[in-house]
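S.K.: Please put together the full structure from these sequences, using the hints given.
If you read the protein sequences in the order shown, they are chains A and B.
Note that my numbering has the first sequence beginning at 1, numbered continuously upward.
Note that my numbering has the second sequence beginning at 466, numbered continuously upward.
Any given hint might turn out to be false.
As the list claims (entries may be wrong) - Sample of chain B residues at the chain A side, in silico, Cβ under 10 Å:
1) F479
2) L483
3) L486
4) L492
5) I494
6) A643
7) L644
8) L649
9) F673
10) F675
11) G680
12) Q813
To be verified - Pairs of lysine to aspartate or glutamate residues, derived as EDC-like cross-links and limited to a Cα-Cα distance of at most 20 Å, are as follows:
13) K729/B to D580/B
14) K475/B to E216/A
15) K655/B to E455/A
16) K700/B to E718/B
17) K665/B to D220/A
18) K637/B to E456/A
19) K640/B to D67/A
20) K655/B to D220/A
21) K640/B to E7/A
22) K640/B to E456/A
23) K665/B to E455/A
24) K524/B to E598/B
25) K665/B to E432/A
26) K655/B to E670/B
27) K637/B to E7/A
28) K475/B to E432/A
29) K665/B to E216/A
30) K736/B to D580/B
31) K637/B to E277/A
Derived from the structure by calculation, the hints contain no laboratory data.
Predicted model, so just to flag it, every value in this text is computed and none were measured.
Heads up, the beta-carbon is just placed ideally off N, CA and C, and yes, glycines get one too.
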Amino acid sequence: MLFDTNEFAGFFSIFFLLYFLVRDSLRLRNALIVLASFVFYGAWSVKFLLLLIATATFDFFVALQIDRSSPRRAKLWLIGSLSLNLAVLGFFKYCNFFIESLRDLLALSGFHLDAITWEILLPIGISFYTFQSMAYVIDVYRKQIAPSRNWIEFIAYISFFPQLVAGPIERAGHLLPQFQTLRIITATHLKDGVTLTLFGLFKKIVIADTLAPFVELAYDHPEPGAALVIAGTAAFAIQIYCDFSGYSDIARGIALLLGFELMKNFNLPYFATSLAEFWQRWHISLSTWFRDYLYIPLGGNRRGLARTAFNLLIVMLLAGLWHGAKMTFLIWGAWHALGLILHRCWRHFKPAKFELPAAIGWTLTTVWILYGWLLFRAPSSDAVYGHTAALHQWIAPNWFHLYLRNLALLCSPLIAFQIWQFARKTEIPLREQNWTRAAFHAALITAILVFGQGEEVRPFIYFQF
Amino acid sequence: MRSHRYEFSKADLFQAALAPLLIVSCLIIAAHVLRITHVLDGVETAEYMDDIVLTQRSKAPGEASNPQILFVGDSSCLVDFSARELQSLVGGIRCYNLGTLSTLGLPKFAEFTTDFLAVQTNVNVIVLLISPEMVRSGSSPIAAPAPLPAEWGSDVAGLKAEGERARQLLEKAEKREALFANALALPFLKTQFLARVFEKPYDTEFGFTFGFPSGIREYMEAHNGSALDPTGEYKPPTARSQNIDHANGFADEPFRQQCEDFRKSIPANVKLWIALSPEPASLCSPNRPQEIARTLLTLKNYLRAEAVLTNLPVTLPDHYFSTPTHLNPAGAQQFTHALAGAIKTQVQATPLLRSR
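M.R.: This is the structure:
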């Protein structure tokens, strides 16, 4: 069930009505959320719903055990929980990748392995809810939070349908208490919820889905040339941003309408003037997850430049691998690691009082990010090579002027709006101007209806991760 | 314990949810008014090749620049040669391609031709260029499919019933969706507002060649009405039994009548020449040239044509085709040269008049 379908509109309308009816009972509310989340996820696959329930229930009991055990036993429980979560994730997501990689590696050394690969379906959202569940167990182990003693509450936290399949990856310390307390839905919640939901749908349906054929044309073209590769990659940068941040906006908007606050997952990432800043603005819930549960435990930046570089490399390679079992994602991770290491070296060796002008920093960062998206979007390592080689061929198809014109027409309202958000340092515009805001909502609804009419529903890109 | 509380007024609810819907409703009403009053009609919104061709053809009389030779025919006429290149190869005799689609048939070709000639008075010759496939009559004997094994009977019946149910469900859903979209005036807003400023690209070969629907329009305008079939290289079936034998059912009565009607639509002072487009070599039997010669002769009689362009290739190697009836760009280039040779020969035999 996708957010941008009639099925979800029907599902949410019924849920919203029932939610209103259970406003006097916390237990009933949480039970209703769990039930709705099960229906939402079960619509994809009942089998994988059972997997979600099983792994979450395991972590629920492990957290309780950790809380009541000695530090040594607690550590064992923690290792057990992490091992199980990573094993499940590894099996569904990386099994074939590792078998194939091993086979290719052995073939290079002259050994030929008749490796068997399986047809494994990836449970949707597994990377998101597994990371959320692991964070919970680690936080309990670190005694940063108390374990939940109510299974319904905990399952509601893990399977909360607005953010279940593509994040934000919520921390228990932030979201879990919201299931334990009275939620007050104010006028601000209501209005911001509507704005975020509509803007998210706009980003997804009007921008991301409409950009998809532009990107496909550039990446499928047998002889694209530099102009088309650059324009197509810029289109992909906007597509993936609007697709993913659109999902996050809808998730946050829907949650606000229910009185829940989810963390902000994107903060105008393409305005970053350094790669380090980009990672503070892009997929914030994942980057902070890696920071808190991997980068800092590895030593962070406290053990000298070489060790910092090594830590960055490990984190970014794993961040690449988190996106999926593909060599191009690993290369993408390595590319970002290299950028972050270079940035770290620059900060280390540059004269103390010298600062790069923001415009230069932004240009360098954007070029770095764009080439990263080329690595990310390319269907294979060979395609990476092909598209990189195309960057040296200064040719363009004879219809390139149409490509640029339509791309600019589609994206310029969004870019202008984001510049305005950046300049005003506000995510939600027109808070104080009720009628202008209503007109803005009306414009969003009209655009969503017109662009969405008769078009196929494209799944969110991040569902595959 | 209480779960959640709503702390907003009715005015807040109105501003957040109902006011935008009210504004959208006003927009929809305005769109319906515009639709009913036809204030905004006239924008070109065709996305698919066939629709674009038909739209272009209806505009062709006003856009062609005084051609002397007009090509009329099916989609093989449309894509098998470039009228602009042909024009330069035949010493500047102005050519225009009015090729359309075989499914329209000769009556529609006649209609387009009449409209064209009403405006473009310089045309001396009409060349009817069609695929041999088009002259294949509906009465040609097609082998009946072999009966299915008896044990498949119930399965097939079940599958058919299931398929029918699915089709009906889909039809219902589509109707519901169309009803909803029309009620909200969405197709009107999409075609009369959005399409004026924005278009989406094609994918695969059409995308690589033309990019966008307006890319096809630009190409056709630049090539005097000719288009291209960019779908790649034709891969013929391996079995030789696929050989074409179009001549079988050629001479049926409805087709003869259509030919006579087509001829009647051409003014007396305009000559009619006829030609057939080539076919993939691997699909043709060795006696195909003789069959084609007979076909052309019959066509000439039906159409009372002044000439037949006989020195055109009957077949071309498979790699010049994208489908059995369409040449690919490389094939079109080859055929354009062959066509130029044939036209030149014919013009030498019967020179064109200066004007009608």
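S.K.: Hints first: check each against the structure and report whether it holds.
M.R.: Verification of the hints:
1. The beta carbon of F479/B comes within 9 Å of a beta carbon in chain A, closer than 10 Å, and the hint placing it at the interface holds.
2. With a cut of 10 Å, the hint placing L483/B at the interface with chain A holds, because the nearest CB-to-CB distance is about 9 Å.
3. Annotation: interface hint on L486/B holds; nearest CB of chain A at approximately 7 Å, less than 10 Å.
4. For the restraint placing L492/B at the interface with chain A, the shortest Cβ-Cβ distance is roughly 6 Å, inside the 10 Å limit, so the hint holds.
5. Hint status for I494/B: violated, given a least beta-carbon distance of 13 Å to chain A, over 10 Å.
6. Because the beta carbon of A643/B sits about 9 Å from the nearest beta carbon in chain A, less than 10 Å, this interface hint is met.
7. With its C-beta approaching chain A no nearer than about 13 Å, L644/B sits outside the 10 Å limit, and its interface hint is violated.
8. For L649/B, the shortest C-beta to C-beta distance to chain A is roughly 6 Å, which falls under 10 Å, so the interface hint holds.
9. Annotation: interface hint on F673/B holds; nearest CB of chain A at approximately 5 Å, less than 10 Å.
10. The interface hint given for F675/B is met, as the beta carbon of that residue sits about 6 Å from the closest beta carbon of chain A, less than 10 Å.
11. At a threshold of 10 Å, the smallest CB-CB gap from G680/B to chain A is about 4 Å, leaving the interface hint in force.
12. Because the smallest distance between the Cβ of Q813/B and any Cβ of chain A comes to about 36 Å, over 10 Å, the interface hint for this residue is violated.
13. Straight-line distance between C-alpha atoms of K729/B and D580/B comes to about 14 Å, which keeps the hinted pair within the 20 Å bound.
14. Proximity of K475/B to E216/A is assessed by CA-CA distance (about 46 Å); at most 20 Å being required, the pair is judged violated.
15. Taking the CA atoms of K655/B and E455/A, the gap is near 12 Å; set against the 20 Å cutoff, the hint holds.
16. Restraint check for K700/B and E718/B: the C-alpha separation of about 35 Å exceeds 20 Å, so the hint is violated.
17. The suggested pairing of K665/B with D220/A holds, with an alpha-carbon distance near 16 Å, which does not exceed 20 Å.
18. A C-alpha spacing of about 17 Å is found between K637/B and E456/A, which places the hinted pair at or below 20 Å, so the restraint holds.
19. Restraint check for K640/B and D67/A: not satisfied, since their Cα atoms lie roughly 58 Å apart, outside the 20 Å limit.
20. For the hint pairing K655/B with D220/A, the CA-to-CA distance comes to about 27 Å; that exceeds 20 Å, so the pair is violated.
21. About 17 Å separates the Cα atoms of K640/B and E7/A, which keeps this hinted pair within 20 Å; it holds.
22. Proximity of K640/B to E456/A is assessed by CA-CA distance (about 16 Å); at most 20 Å being required, the pair is judged to hold.
23. The straight-line distance between the Cα atoms of K665/B and E455/A is roughly 12 Å, inside the 20 Å bound, and the hint therefore holds.
24. Restraint check for K524/B and E598/B: the C-alpha separation of about 28 Å exceeds 20 Å, so the hint is violated.
25. Between K665/B and E432/A, the direct Cα distance comes to roughly 37 Å. Violation of the 20 Å bound is thereby established for this hinted pair.
26. At roughly 26 Å between alpha-carbon atoms, K655/B and E670/B are farther apart than 20 Å, so this suggested pair is violated.
27. With a CA separation close to 16 Å, the supplied pair K637/B and E7/A stays within the 20 Å bound.
28. Distance restraint check for K475/B and E432/A: the Cα-Cα separation of roughly 17 Å lies within the 20 Å cut-off, and the hinted pair is therefore satisfied.
29. Our distance criterion of 20 Å between C-alpha atoms is met by K665/B and E216/A, whose separation comes to about 12 Å.
30. For the hint linking K736/B to D580/B, the alpha-carbon distance of about 17 Å falls within 20 Å, and the restraint holds.
31. Between K637/B and E277/A the alpha-carbon distance is near 51 Å, which puts this suggested pair outside the 20 Å criterion.
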